[in-house]
Amino acid sequence: MKKVAIFTAAVLSMSVIAVPAFAEAKKGEKIDAKAKFDQHCVACHPKGGNLINPKKGLGKKDLAANGVKTEKDIVAKMRNPGPGMTKFDAKAVPDAEANAIAKYILATFK
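According to mature numbering (1 follows the signal peptide of the UniProt record, and there is no 0), the sequence shown holds residues -23 to -1, 1 to 87 in order.
Derived by calculation from the structure, the hints in this document are not laboratory data.
Just so you know, nobody snuck in bad clues.
Subject to a maximum C-alpha distance of 20 Å in a straight line, what follows is the list of computed PhoX-like cross-link-like pairs (lysine-lysine):
#	residue 1	residue 2
1	Lys33	Lys49
2	Lys24	Lys54
3	Lys33	Lys80
4	Lys87	Lys38
5	Lys24	Lys87
I would like the entire structure built from these sequences, with the hints used as guidance.
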């Protein structure tokens, strides 16, 4: 069963990569952080968990245990993740969107 879950997560993450990123929000335009999280992250991080590595969820305790405490840390992890996570460069997820996603994560997953 665990292999099926890992395979499903891998396939879903590949489908997320294949979906073209939306254009960056125009200056002053509000970014829907939840929608961007759902677009880029929820396939592997449903409800703030982690399908690939349960010890690397998005809750405050898991983030802190992995040296991630700030929005800047989250964006850095998106840009240069470890094994098992898709890399989201600035072309795939522009800086404004990445920062909005990071704020959403810190505010949502306690």
